[in-house]
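**Q** The residues making up each chain are set out below.
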Amino acid sequence: MLEARLEQAQILKKVVEAIKDLVQDCNFDCNDAGIQLQAMDNSHVALVSMKLGSEGFSPYRCDRNIALGINLNSLMKVLRAAANDDLLTLKAEDQPDSLNLLFESSSQDRLSEYDIKLMDIDQEHLGIPETEYAATITLPSAEFQRICRDLSALSESVSIEATKDGVKFECSGDIGNGSVTLRPHTNVEDDDKSTKIELTEPVNLTFSLKYLVNFCKASSLSATVKLCLSNEVPLLVEYQMGVGYLRFYLAPKIGDEE
Amino acid sequence: MVAAVSKRVLGDQTASHNNHFNSTASKKRKLDGAGPSQNQKHTKLSQAKSSFEEDLGRLTQEISDLKGVNAETDQKWARPSMDDWKPNEIDLVFQQIDTEEGYWSGKACVRLFGVTETGHSVLLHVTNFHHYLYVQAPVGFTQSDLPRYGDFLEHRIAAGGGSIIAGTELLMRENLYGFQGNIQSPYIKITVTDPKHIPKVRRFIEEGDSNFDGMWNGVSGGIMTFDNIQYIMRFMVDTKMSGMSWVEVKKDKYTYVKPGLNSGRLGSAQIEAFCHYRDLITHQAEGEWSKMAPLRVMSFDIECAGRKGIFPDPKIDPVIQIASVVTRYGDKQPFIRNVFCLDTCALIAGCQICEFSKEGQMLRAWTKYLQEVDPDVIIGYNIANFDFPYLLDRARTLRVDDFPFWTRLNGIESEARGTTFSSKQMGNRESKTTNTNGRIQLDLLQLVQRDYHLRSYTLNSVSAHFLNEQKEDVHHTMITELFNGTPESRRRLAIYCLKDAYLPQRLMDKLMCLINYTEMARVTGVPFNFLLARGQQVKFLSQLFRKAGEQRLVVPNREQRGGGGEEEQYEGATVIEPTRGFYKEPVATLDFASLYPSIMMAHNLCYTTLTKQEHMDKMGMKLDEDYHITPTGDVFVNTSVRKGLLVTIFEDLLGARKRAKNDLKNETDPFKKAVLNGRQLALKISANSVYGLTGATNGKLPCLAIASSCTSYGRQMIEATKAEVEKRYTIANGYTHDAQVIYGDTDSVMVKFGPKDLKTVMDMGEEAAAYVSSKFISPIKLEFEKVYFPYLLINKKRYAGLYWTNPIKHDKMDSKGIETVRRDNCRLVQTVIETVLKKILIDQDEDGAQAYVKDMISDLLQNKIDMSNLVITKALSKEEYAAKQAHVELAERMKKRDAGSAPTLGDRVAYVIVKGAGGAKNYEKSEDPIYVLEHNVPIDTKYYLEQQLAKPLHRIFEPILGAKKADQLLTGDHTRTISVAAPTMGGLMKFAKKTQTCMGCKTPLTRKDEEGGAVCHSCQPRSAELYQKTLSKVSDLEVRFGRLWTQCQRCQESLHCEVICSSRDCPIFYMRMKAKKEVEEMGKELKRFDYGLSAW
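Chains B and P supply the protein sequences, listed in that same order. Read in order, the letters of the first sequence are residues 1 to 258 in full-length UniProt numbering. Read in order, the letters of the second sequence are residues 1 to 1096 in full-length UniProt numbering.
Note that these hints are calculated values from the structure, not bench results. Being a predicted model, the structure only gives us computed values, none of them experimental. Just so you know, not all the hints are guaranteed correct.
[Said to hold, decoys possible] Derived DSS-like pairs (lysine-lysine); straight-line CA-CA distance at most 27 Å:
#1 Lys210/B x Lys921/P
#2 Lys993/P x Lys51/B
#3 Lys812/P x Lys759/P
#4 Lys965/P x Lys77/B
#5 Lys796/P x Lys964/P
#6 Lys253/P x Lys20/B
#7 Lys77/B x Lys812/P
#8 Lys775/P x Lys643/P
#9 Lys812/P x Lys210/B
#10 Lys253/B x Lys622/P
#11 Lys864/P x Lys332/P
#12 Lys20/B x Lys942/P
#13 Lys759/P x Lys77/B
#14 Lys547/P x Lys240/P
#15 Lys993/P x Lys117/B
#16 Lys951/P x Lys964/P
#17 Lys315/P x Lys240/P
#18 Lys993/P x Lys210/B
#19 Lys117/B x Lys775/P
#20 Lys51/B x Lys812/P
#21 Lys210/B x Lys839/P
#22 Lys661/P x Lys854/P
#23 Lys775/P x Lys77/B
#24 Lys253/B x Lys990/P
#25 Lys965/P x Lys993/P
#26 Lys210/B x Lys759/P
#27 Lys942/P x Lys217/B
#28 Lys117/B x Lys942/P
#29 Lys884/P x Lys253/B
#30 Lys990/P x Lys51/B
#31 Lys315/P x Lys226/B
#32 Lys117/B x Lys990/P
#33 Lys20/B x Lys661/P
#34 Lys796/P x Lys661/P
#35 Lys993/P x Lys253/B
#36 Lys775/P x Lys217/B
[As the list claims (entries may be wrong)] Stretch-level coverage of chain P by chain B, calculated; a stretch enters the list once three of its residues show a Cβ under 8 Å from a Cβ in chain B:
#37 356-365
#38 966-980
We treat Cβ as the ideally placed atom computed from N, Cα and C, and that holds for glycine.
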């Protein structure tokens, strides 16, 4: 038996919105620690890892491990029916056929209830081992989104070069080239607007912009985004949600590979 | 539940394999019954004999049994000796098989190659036949002008280069095109000394430079010439000789050319002679003369040792083996079987092995062998585009100058030339042709491509289709390995090669192509090799000229328009709007027999009867009595005024067909039966092709008036039939139901009479056909042929039904326009549609059909469908496509990966659609099936469901269930179990680590003590049960793999060798590859329990 109540429906809504273009069907793994999701996109270049810790729900109850196979498009259809500040309760049996979603509007005394039919997804469970990254960059998520969007107009891929002086996003395409450099700086009034770089050695890697733009859909989840890079290791893009995180891993482009 | 499903799938497949086993086993038994083979040759075999080898061994024995009956003995190369043949003491009678232009003592002649009844080869030069053309004589041109006109032409055209014009004559002839009022007018026949002058003369006249004496002043532009026909055809038409027919020259009429170096012989035939063309007696292929001479048919195949990854190149890669089998026409078994091979080769029972240490030697010896065997027909698979050119190029590289002499003419080399063949029926094809003057070639590949629509045209799949035999397919890189091995491995290769040589022979026998094409040549009167090299038109023209000659008609030479020109359109046949639905009562089908021919006959439509209203008025003809106007407004005279030439041709053709069919009924000899059947088919085809040619505006003799009149009459008749049937069979007229015409197309109408009883409906159909026929002009006849019961009418030209011709048992399941026959979809669609139709129509089990579809869809989504079912094949036909296409893109990508094994132009590319990044186009998602298997790339099951299955299934189920329920088939609960495979490649896969999930409840095992184990804590109690389950899965898979492996070994016919076959057409191949992978993976799963055990 799973019963989890989320204060704000928008958290789940934003998560699903952010990943539904990468992943269509996936298992939500529920256990006593919380709800987790791990899935790869179809072309196996990117991996999504999401965790909503049990402390983010009140109450949270999960008697045994349950894998909820959900089609994200269907889930999105249902979640659109919820207002952003609705209370959201997820309920499922131990051997569930469907997931029950309950939206409670605090202001209007409105209760809406939905059931989604679950799927039985036979999926291999893949994870990226934790690594020590050579460079960790924290920057405002809006800034990152803007860089990705601007550069994607020029090219399909971007090289990210991190040195102790700053981080440089550079691309070149048919119509020309462009680059954006960010220097570390601290905003005293609002720490969220600071750019921080922790570096053990300089790195330079190339990634597909198509995917980065896709990841940026999660910008609304968090004011800052953390980019972790090491040479020849996938890029980690992390959005902290307070009660958990949404992580994206993206394989670097090597050589002339498309 | 999941396990149960997979179990069942497994069970099904095993059952089908058992069938395979049984069939081979029974074959084995039969062979054992035949007794041990008594081979003269001593063979030391380290391998068990394969059944093909046993076949070979048996052949020797059977043929030695036949000795005495057969004139030829086993493995004797040469033709029967000439000892008892004395020139000019016997009439020269032979079947001519090839005809060509040539020269005899400096003059143009026709060469006939052929074989006598005793099996001697003949070359006959027929002399003194001159080519000619006609020009309409201008007003005032008289007999006395002829010599001067001849001189005039001679003077103007020859320009000093020898004589051109052999003579001129004034003859009374009639123009074929248009009704001439039955009046013949004078035509000048211009005869030339050499056929090659004809085009010059024609051009000169047509270009308008030949206004002789100003007599043609009234004509603007050029002057039309008549009778444009090739020299050979002219000869055949005038001597009434048809292709593959028998000819005779009386003993005192021919001159024998003695053999010997300086005697003047031109060819290598046993008998060479010449005669005047008037002395040539041609026999029509009827009665005694419909027999066949004992033609020698040689089928061969070569193997070359290619390098890894590169298609063999004759400049570098040697030919290592040439296998051939020679069969006398009419014998069941080949009497020569041999393999020429490079290096040593272990002996094969019943087969000669000629070993050579040098490749050049081998090639030279092979040509010698070919010349000695002197085959009349050379067949093989893709010989025209591969084997012949390869051998020739190879010989050139090795400088074996005396190699390319495969013709029957001394000193004439065989050369491979590129040709393009384009016809409306076949489309454009580029190919190579190699001349083998005097020998007919039949490339089974070209033939099958032309006559049959198949999924794949490899020898493999073609023989699987027609002979029900899978053949092992050794990849060309494997061949080199076998060749570089031991005599034993070369022996293996030799058997493979020999089998490839023998299969075309068997295919030819099975498809009866030689007989059918012979009959086609005889019926239409064209030489045999025209049938393969030319389109439909030449056959029709040959018939037309023959008939025109009898009626003293001349055929105008119309300027041909270029192939690229737009075709004029006219209204085609009619289609009665279908009343869609699933009919559970019998639906009778009424067909017009030979619709267009019978319309042409009934309404006297022909070139010779076409006229204009003004002409009719001028001649004082009366409408209806003397002429009639077709629904399109074209005017044709009636039979009473003039009978159309086409009508006569049809009468002959249909009459001959009737006779052939009658004879067929009474004939008992299987060979004569085959001949007769071939003939009636040929007659039918040529009768039906006439209509098409009158409508082909870029053809030689188009006549839209005829074509459009035909279709307009056809439309009227279909409408009339509908009206008549629906008027007569009504409740008001005392019948139980109102009949309803539910569909009609071109030449047939489908009638729902109403009663449920088959017998009643059949009787009604019979009666209705007779009744409606009586309303039409003879010979138009409506025939009742069959009843569909039940009948699923999906749309125009799309329907399926159970086909009944008698009320006791149905004949077959018939479907038109449904995805069962198309090639551009995967086998899954075909199987599903076929099974669904079978369930709906034969079992009448609609629920069962739905359940089946649901099962299949759910299997598909769970990746349980075998890969071979998902493979789509498409031919890579040209380099540049405007739009990107899946198979072209894949071929490109494969070329980057490995240039050698990538498909090249003309190959069929096999691919599957795999999952791609969001929004990826289909052409980006195509992938090589082998690659997919090896790397576990996930299949885009949604593509298969939505793009491939959805539409055809919807179409079928819509009339039965209604649109809404039909849609549910694709979205119901059964689509909620899916499986997502993780590939072993892809950008991120290098970094990702697989987290094991619990085998019981699928939750990831992330805790330290669970990691690497099989089950999670909550499932611990079930671990014994789960272990049992996994174990049984492993053993099931092992058994399955074992079975597939043996199946392949049986196919390669040796149970002691490793399987090396990599045939991408064979479903077993993919199954075997997949099974291998599954066994390995399942084994790993099982090992996980070990961890759990040791941890305890």
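**Q** Broken hints, numbered, in rising order?
**A** 6, 7, 9, 10, 11, 13, 15, 17, 19, 20, 21, 22, 23, 25, 26, 31, 32, 33, 34, 36, 37
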